[in-house]
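Chains as they are written, first to last, in this note's numbering: chain Z, 4 to 290; chain G, 4 to 290; chain C, 4 to 290; chain R, 4 to 290.
Read the hints as simulated data drawn from the structure, not as lab findings. The beta carbon of each residue, even a glycine, is placed where N, CA and C say it ideally should be. Heads up, some of the hints might be wrong.
What the hints assert, rightly or not - Here are some chain R residues the structure puts well away from chain Z; computed CB gaps all over 10 Å:
(1) Asn37
(2) Ser61
(3) Val85
(4) Cys87
(5) Glu158
(6) Ile170
(7) Phe190
(8) Arg284
(9) Lys285
To be verified - Derived SDA-like pairs (lysine to any residue); straight-line CA-CA distance at most 25 Å:
(10) Lys285(G) - Gln212(Z)
(11) Lys88(R) - Arg258(Z)
(12) Lys102(Z) - Leu187(Z)
Protein chains: 4
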Amino acid sequence: MSGRQNTVTALLSGPDQRGLVAKMSGWIFDHGGNIIHADQHRDMEAEVFFQRIEWTPSGDQSDLEAEISEFRSFASGLDMEVECKLTTHRSRVAVFVSKYDHCFHELFLGQKSGELPCEIVCVISNHKDLEEATEGYGVPFFHIPVSKDTKAVAEQTQLAVLAEHDIELVVMARYMQILSPTFLQQFAKPVINIHHSFLPAFAGGKPYQQAHERGVKLIGATAHYATAILDDGPIIQQDVDRVSHRHTVNDLVVRGRMLERRVLADAVRWHLENRVLVYGRKTVVFD
Amino acid sequence: MSGRQNTVTALLSGPDQRGLVAKMSGWIFDHGGNIIHADQHRDMEAEVFFQRIEWTPSGDQSDLEAEISEFRSFASGLDMEVECKLTTHRSRVAVFVSKYDHCFHELFLGQKSGELPCEIVCVISNHKDLEEATEGYGVPFFHIPVSKDTKAVAEQTQLAVLAEHDIELVVMARYMQILSPTFLQQFAKPVINIHHSFLPAFAGGKPYQQAHERGVKLIGATAHYATAILDDGPIIQQDVDRVSHRHTVNDLVVRGRMLERRVLADAVRWHLENRVLVYGRKTVVFD
Amino acid sequence: MSGRQNTVTALLSGPDQRGLVAKMSGWIFDHGGNIIHADQHRDMEAEVFFQRIEWTPSGDQSDLEAEISEFRSFASGLDMEVECKLTTHRSRVAVFVSKYDHCFHELFLGQKSGELPCEIVCVISNHKDLEEATEGYGVPFFHIPVSKDTKAVAEQTQLAVLAEHDIELVVMARYMQILSPTFLQQFAKPVINIHHSFLPAFAGGKPYQQAHERGVKLIGATAHYATAILDDGPIIQQDVDRVSHRHTVNDLVVRGRMLERRVLADAVRWHLENRVLVYGRKTVVFD
Amino acid sequence: MSGRQNTVTALLSGPDQRGLVAKMSGWIFDHGGNIIHADQHRDMEAEVFFQRIEWTPSGDQSDLEAEISEFRSFASGLDMEVECKLTTHRSRVAVFVSKYDHCFHELFLGQKSGELPCEIVCVISNHKDLEEATEGYGVPFFHIPVSKDTKAVAEQTQLAVLAEHDIELVVMARYMQILSPTFLQQFAKPVINIHHSFLPAFAGGKPYQQAHERGVKLIGATAHYATAILDDGPIIQQDVDRVSHRHTVNDLVVRGRMLERRVLADAVRWHLENRVLVYGRKTVVFD
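Chain Z with its partners taken away, still in its complex shape (with noise of 0.2 Å):
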């Protein structure tokens, strides 16, 4: 939503105080930016604030990561937690799959129309089916079995190839196995998962087959950074499509597919274009 020149955009968030819009804006003008948007929210009962802000920087487009620097620490000096990045900038995503395509593609054909501005940079799947498709799009493939046994060496083979491949984001395109809390730990970096299910309803296995049992009249999809306790993580996007009982089991799954595709689709695009804060169980969406 901004025009093509470089801007930065600042995701803030931090104690609440009197004056901190003030401040913020206050030092962009100081130093020769021209705010583009600025959005923010306060939690009233956790007195928290929240902020994300794109400005174009003054003249001086040489030292962008100088001017940065000091607004990081302008910042921390406000005690606020600041998330910088350069509209320019193309985040380093790896993407998890198993053997379904439909997610898989949709990340490749949003990168490649530039509606997910990144690099897809590996594939990282325990299946060998979507290896051909992956080196179609010219992306190296990495098959890592996993097994209950082999699980906790396989994760180490994964954390080895995203460190090799300096990866800041990894995306879980339906991805059937639950990375474990030790995973998610020693990446210290986002994961967002696509679950097929309106969360928290029918969270696990199933659940469109669950869906189905109780007759419901909308399904829905879900995705989430993915935490330590499964299906439990902060939600970024949702949506639902309408069913009825002439829809089979099959038809609940040819139809979320659609829903599991833009639903991943959009929760990426926001994560990449630095609109997502998260906070407790929750995030903050400026979309």
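With the hints as your guide, set chains G, C and R onto chain Z.
Coordinates of chains G, C and R only, in the frame set by chain Z:
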């Protein structure tokens, strides 16, 4: 969705057999009727057949009851359960309320505008708040307080009112009490409830509070038939509304009201138009 | 979406200049206020800046009018147009109706439940159908018949009623007359209209008939500010509902009513909460 | 929505007569078939009857073509037009494209995953941009440039390709040329187009630009059969997405792509599943 002449609707269900569609339509044809709408569904796994037929009976409208009765015998002979209704029939409805009035007004306005083809015959409440509003609509109000100790007695009083007024349908319009299995069994007629959540997520109390804490991006409402198991009855209609971090719990409550009104109104209208077949824990809605 | 203490909302618009966010928030900070929400937008092509700020003024609540007046001067000095409002203010609203009552009741129920923070001060109609219902709500009803020949005179009578009652907003709740450019110019305050169609499709009369003939799969409703050009005023809110070949024109009308009610209620609520900035043929809605 | 055994679907339409449902289902019953789904509709004003029936033919699957042929004669004898299809049949589809690839990829991925039960036999384009991608899918690509002067000749070349490949359906996947009435008449088979707007609003070019200038709150997409009159063909599917002042024209284009993809995929799937009856300027979609 029918023209305004008198027509008959039949809802049929029973074990699937070859030729049921032909037999049903054949009977109507042979008796001089003309089918306006017919919709059917087969549950492949359970091998159950469902059908809704609407037809204009033959020229002689004087003896419709006899024709319906004959059709019922015919359907029973084929092992089908059948629910017949003249579209000119106005079901006798009792509305149960507590203090919230948004669903209450929705039902009265829908009845007056003709969208809900029924008569609202009485209002029963455990509080006095809506007495005046009820009388403003020209309908008797029964104040039947309910406490833990008096619940069994209160329910007998409610049942007496329902019996006295020949009630065919109870609508719980945000009635904040649970009707006991005993009540449901003795009433033995349909009871529609509105749950202010997207079931099965957030079943039970304070769903908006729960939804807010979980940071959901959609809130929902569910209308279902009341059964002995709380919030587990067959779902008739569901809908959602999009929310964000900007919404307080109170905002969710306010937006939820509009959602509850329209979801309940849809469910009641479909029921009154003889469009809803209950089937295990599910419904088939011929909408 | 604010807490219940008294806050000020300001809607600002004007030529974009570097540092506007800093200046506005700086003024509030310097005067001891605390910003609760602030949202801004820049139209890149037109180089116009828009902002909605909500803040709790400093401790002394006794002289809020003076503070607002001082803020207005400050904003004007920066070439900004500004619209300020105390959140405790209840705008004085006149409702224009003809015979349809669904939007009429929606407004009264919304006002009574607190969702529409206003006072409905009078109802004006070219028909007598809603006289009794209006008086039931304890509000005066003005029957001002309109014919082709008497329209100019009737409008002067309407304007006199509006002036006498200090009306700040007119809501056309399916009022089946067009307000003349002269009326709009002399009233010189906002008028919100509900159009029972998804504008710009099917502008003008009988949109449901047109939609049915065209076989559309969605019907819509649009709430907009009335302007001298029919159905061309700035759009505040739109929504749709899914329909099929099974729906008659009458079914579209029935479903359309629910759509019209909720679209009009949203638009009026946003207006009353000082969330809508008009801007050429468009609106900026800070929802 | 059917099981995986071979079934027959028939789409029927013709002048309404008493007893049609009985006659159709009677024929199937008498020939040993079992009706899986049957849905019918009557247009009350035009007195036209529409029906979709799906049935499993009798035990002997060896002579299905003969049975279908006999059913066709029977239906014709009742003045019904009939379109029959075996669910195992894979329609031969040609995709027309220009430079945009989002709908193009959607169709190929849908075909590969089985959601679109067809064979994509060839791709025809007035540009070379998608040649490599087409060949990557293993499908022949025909580059047929079109200019104002060469259009008539180019269309003859296109028609020759379609004839040579026995094409049964053309899908215009954002093909940026209008097919002439002559082309449509000579091809004489269905052509589905995706219009990147909520028809009839913003018919013609640059609808997102128009929508942005008008400040609409919803954007839409419409899939319809192509007819001699531009953007006026019978509508198969429509959907919308919510937008705000924060979205640039480019944002609308990006969001519109997802909308176009899913609206086109729905329309093509319903067509392939023999669910769409054209009827004057409208469709009856038995979904």
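These are the hints, each one checked on the structure:
1. Against chain Z, the non-interface label of Asn37(R) holds: every CB pair exceeds 10 Å, the least being about 17 Å.
2. The Cβ of Ser61(R) lies farther than 10 Å from every Cβ of chain Z, with a closest approach of about 24 Å, so its non-interface assignment holds.
3. Every beta carbon of chain Z lies more than 10 Å from that of Val85(R), the smallest distance being close to 23 Å; the non-interface claim holds.
4. Residue placement check: Cys87(R) keeps its beta carbon more than 10 Å from all beta carbons of chain Z (closest about 21 Å).
5. With a cut of 10 Å on Cβ distances, Glu158(R) stays outside the contact zone with chain Z, its closest approach being about 30 Å.
6. Interface exclusion of Ile170(R) from chain Z stands, the closest Cβ pair being 25 Å apart, more than 10 Å.
7. No Cβ of chain Z approaches the Cβ of Phe190(R) within 10 Å, the least distance being about 30 Å, so the stated non-interface status holds.
8. With 10 Å as the threshold on Cβ separation, the claim that Arg284(R) sits away from chain Z holds: the shortest Cβ distance comes to roughly 26 Å.
9. The Cβ of Lys285(R) sits about 22 Å from the closest Cβ of chain Z, beyond the 10 Å cut-off, so the non-interface label holds.
10. This hinted pair checks out: Lys285(G) and Gln212(Z) have alpha carbons roughly 13 Å apart, not beyond 25 Å.
11. Simply put, Lys88(R) and Arg258(Z) have alpha-carbon atoms about 23 Å apart, close enough for the 25 Å limit, and the pair holds.
12. A hinted pair counts as satisfied when its Cα atoms are at most 25 Å apart, and Lys102(Z) with Leu187(Z) qualifies at roughly 22 Å.
Violated hints: none; the structure is consistent with every hint.
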